Amino acid sequence: MMRLKSTGRVSLLLFAASWFSIPATEAQAQGQAAKKLKIYISVDMEGVAGVVTADQLGPTGFEYERFRHFMTNETLAAVRAAKESGATEIVVSDSHGNGENLFIEEFPKDVHIIRSWPRHGSMMAGLDQSFDAALFVGYHASTTNVRGVRAHTFSSAHLTRVALNGNAVTEGEFNASYAGALGVPVIFASGDDAAVEELKSRLGRIETAETKRSLSFHSAETLTPEASCEKIAAGVKAALNRLREFKPYTVKTPVTLEISFKNYMPAEMISYLRSVQRVDSHTIRFIGKDMAEVSDFVDVVDGYSPDLAP
Numbered sequence: 000m001m002r003l004k005s006t007g008r009v010s011l012l013l014f015a016a017s018w019f020s021i022p023a024t025e026a027q028a029q030g031q032a033a034k035k036l037k038i039y040i041s042v043d044m045e046g047v048a049g050v051v052t053a054d055q056l057g058p059t060g061f062e063y064e065r066f067r068h069f070m071t072n073e074t075l076a077a078v079r080a081a082k083e084s085g086a087t088e089i090v091v092s093d094s095h096g097n098g099e100n101l102f103i104e105e106f107p108k109d110v111h112i113i114r115s116w117p118r119h120g121s122m123m124a125g126l127d128q129s130f131d132a133a134l135f136v137g138y139h140a141s142t143t144n145v146r147g148v149r150a151h152t153f154s155s156a157h158l159t160r161v162a163l164n165g166n167a168v169t170e171g172e173f174n175a176s177y178a179g180a181l182g183v184p185v186i187f188a189s190g191d192d193a194a195v196e197e198l199k200s201r202l203g204r205i206e207t208a209e210t211k212r213s214l215s216f217h218s219a220e221t222l223t224p225e226a227s228c229e230k231i232a233a234g235v236k237a238a239l240n241r242l243r244e245f246k247p248y249t250v251k252t253p254v255t256l257e258i259s260f261k262n263y264m265p266a267e268m269i270s271y272l273r274s275v276q277r278v279d280s281h282t283i284r285f286i287g288k289d290m291a292e293v294s295d296f297v298d299v300v301d302g303y304s305p306d307l308a309p
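The sequence shown begins at 0 in numbering that gives the first Met the number 0 and counts up one residue at a time.
Fair warning: there could be bad hints in the mix.
[Claimed, not checked] In silico BS3-like pairs for lysine-lysine, Cα to Cα no more than 25 Å straight-line:
1. K261 with K230
2. K35 with K236
3. K288 with K34
4. K230 with K288
5. K251 with K199
6. K199 with K236
7. K108 with K236
8. K82 with K108
9. K34 with K236
10. K37 with K199
11. K82 with K288
12. K230 with K251
13. K261 with K236
14. K236 with K251
15. K230 with K37
16. K108 with K199
17. K37 with K246
18. K199 with K246
19. K288 with K236
20. K82 with K236
21. K82 with K37
22. K246 with K288
23. K82 with K251
24. K35 with K246
25. K37 with K261
26. K34 with K108
27. K82 with K35
[What the hints assert, rightly or not] Ranges between beta-carbon positions, derived for each pair:
28. S115 with H217: 26 to 32 Å
29. G96 with D295: 18 to 24 Å
30. P309 with G182: 14 to 20 Å
31. Y303 with V145: 26 to 32 Å
32. E292 with E220: 22 to 28 Å
If you are wondering where the hints come from, they were derived from the structure by calculation, not from laboratory data. All of these numbers come straight from a predicted model, not from anything done at the bench. Think of the CB as a built atom: it goes at the ideal place given N, C-alpha and C, for glycine as much as any other residue.
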C-alpha cells in the first residue's frame, strides 16, 4: 500500500511538472543563452613585451615583423584564456598604427578581427551593448604621464593632452568611457608598469599584466614574449572569474572634450568650426552629446588630411 501511494504521488508530481514546466526546446535555448559570453579585445602595440622604440612599431622598423608575431601571440594568449573561461564569442580590434598588424591566419576560425581605418568607435570599433566585457592588450601610458614607454594619447606626433570633462585621460580611460556608455565594463589591461598603474588609478580594481618596467620613454626592463603571454593569460582568467564584480566606467554627458596640440595652427584652424571653442593658443574644446560623438570628433581631428585618397 505504501508503495502504491508513493508511486501515485510520483506520477502526480511528474504530471504537474510536465504541465507547468518550460518546453524542452525552449529550456535548452534559455540554457544556451545563459552560457553565452561575448568578449571584446582591443589591442595596441606599445605595451607589448620588448617594445621600446619605433624599430618595433611600424613597417619601416627593422624589428617590426618579429614584433607583429609577439603582438599576435599576446592577443592569442588573451583569446585562449577567454575561451577557457567560457567565452563563446570574441571580437579582436587591431588598434595600432595602420590597424593591419595582427597575423589573422593564426587566430581560431570563430574569432572576428577588426582591421584598418577609419572606423566609427576607433580602437573600440564594433563594440555594442551585447558584449559582456572588454580587455585591453598592449596598452601604454598617457601623454601627460612623466613615465611610460612611448607614452602618448592617440598621437605622439600631434597631441599633448586629451581631456574629458576637465580631466586628462589615457587612451585606455577614453576607450573605457566609450565602452561604459554602452554598458560594457573593462576588466583587464596589459602594458608596462606606468600604463597599468595609471589605468588602475582611473578604472579601479581591474586585473592587469605588467609586461615590462619603464626605464625611460625609449627603454624598459622587459619580460620575454613567452613570460608575457603566460602573465596575460593568467590575468584574463582572473578577470573573467571576477566578471560580476566589474561595473562600466562612465563619464557624465554631455561630454566636454579638450584637445591640446603641439603646434598653434591646428588649434587655430579647427576653431573656425562653430561647434569648437579655442581655449588657449594650443587647445580646443568641443562638447559632444555622448562618447560616440566625441570619439568621432577625435578621429576627424587627428586623422583628417586634405590629400586623403581614394
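Query raised in the report: Looking back at the hints listed earlier, which ones does the structure fail to meet?
Result: 1, 3, 4, 11, 12, 13, 14, 16, 19, 23, 25, 30, 32
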